[in-house]
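Undergrad: Sequence:
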Amino acid sequence: MFTLVKNHIFRSSIYVFQTLRMESNVPGSITRRGNSIFLSVQAKPNARQSTITDINDQYIGVCVAAPPREGEANTELCEYLSQVIGVKKRQVSVKPGTQKSRSKIVEVETQLSPDQIYAVLRSASN
Numbered sequence: 001m002f003t004l005v006k007n008h009i010f011r012s013s014i015y016v017f018q019t020l021r022m023e024s025n026v027p028g029s030i031t032r033r034g035n036s037i038f039l040s041v042q043a044k045p046n047a048r049q050s051t052i053t054d055i056n057d058q059y060i061g062v063c064v065a066a067p068p069r070e071g072e073a074n075t076e077l078c079e080y081l082s083q084v085i086g087v088k089k090r091q092v093s094v095k096p097g098t099q100k101s102r103s104k105i106v107e108v109e110t111q112l113s114p115d116q117i118y119a120v121l122r123s124a125s126n
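Counting along the sequence shown from 1, when you hit position 94 you're at 94 in the working numbering, and nothing is skipped either side.
Keep in mind that the hints are not guaranteed to be accurate.
Unchecked claim - Using C-beta positions, here's what the derived DEER-type ranges look like:
| no. | residue 1 | residue 2 | range |
| --- | --- | --- | --- |
| 1 | Lys-89 | Pro-67 | 14 to 24 angstroms |
| 2 | Glu-70 | Asn-25 | 12 to 22 angstroms |
| 3 | Asp-57 | Ala-124 | 32 to 42 angstroms |
Claimed, not checked - Taking lysine-lysine and the DSSO-like style, the derived pairs with C-alpha atoms no more than 27 angstroms apart in a straight line are:
| no. | residue 1 | residue 2 |
| --- | --- | --- |
| 4 | Lys-44 | Lys-88 |
| 5 | Lys-89 | Lys-44 |
| 6 | Lys-44 | Lys-100 |
| 7 | Lys-88 | Lys-100 |
| 8 | Lys-44 | Lys-95 |
Treat the hints as calculated values from the structure; they're not laboratory data.
All figures in this text were calculated on a predicted structure; none of them were measured in a lab.
Note that beta-carbon positions come from the ideal geometry of N, C-alpha and C, so glycine has one too.
Can you build the whole structure from these sequences, using the hints too?
TA: What follows is the structure in structure tokens.
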């Protein structure tokens, strides 16, 4: 009987979590912690122009118009995202430990909600 009750509670909490996720429609690649939004980005350097290619739960695909040398692609990525989101360049940074990988965590210091960030990124990807 205890197992059934435990299972029932577990299933209920998953249902509540899924319901909350469906209401917001923000993918898991966009999260808020404190006063910052964190974006899971899959960078694709050496593109003709910087663009957002796709947005899903795992990552935000961004083509970057810079080579992956000496931080040029990271700088271009931060400049492009700051322009798209509408914040200052100094408010966007690539987190340490993800700078040499194509999979990056980008921190955006902003008061915008994840819903607003998602809407802006989605409109820029079309």
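Undergrad: Decide, hint by hint, whether the structure agrees.
TA: Here is how each hint holds up against the structure:
Distance hint check for Lys-89 and Pro-67: the Cβ-Cβ separation is about 20 angstroms, which falls inside the suggested range of 14 to 24 angstroms. At roughly 38 angstroms, the beta carbons of Glu-70 and Asn-25 sit outside the given window of 12 to 22 angstroms. Range check, Asp-57 to Ala-124: Cβ separation about 19 angstroms, and the 32 to 42 angstroms hint is violated. Pair hint Lys-44 plus Lys-88 holds up; C-alpha atoms about 23 angstroms apart against a cutoff of 27 angstroms.
A distance of roughly 20 angstroms separates the Cα atoms of Lys-89 and Lys-44; the hinted pair therefore holds under the 27 angstroms criterion. Taking the CA atoms of Lys-44 and Lys-100, the gap is about 12 angstroms. The hint holds against a cut of 27 angstroms. Taken as a hint, the Lys-88 and Lys-100 pair is honoured in the structure, with Cα atoms around 23 angstroms apart against an allowance of 27 angstroms. At roughly 17 angstroms between alpha-carbon atoms, Lys-44 and Lys-95 fall within 27 angstroms of each other, so this suggested pair holds.
The earlier numbered hints that this structure contradicts are 2, 3.
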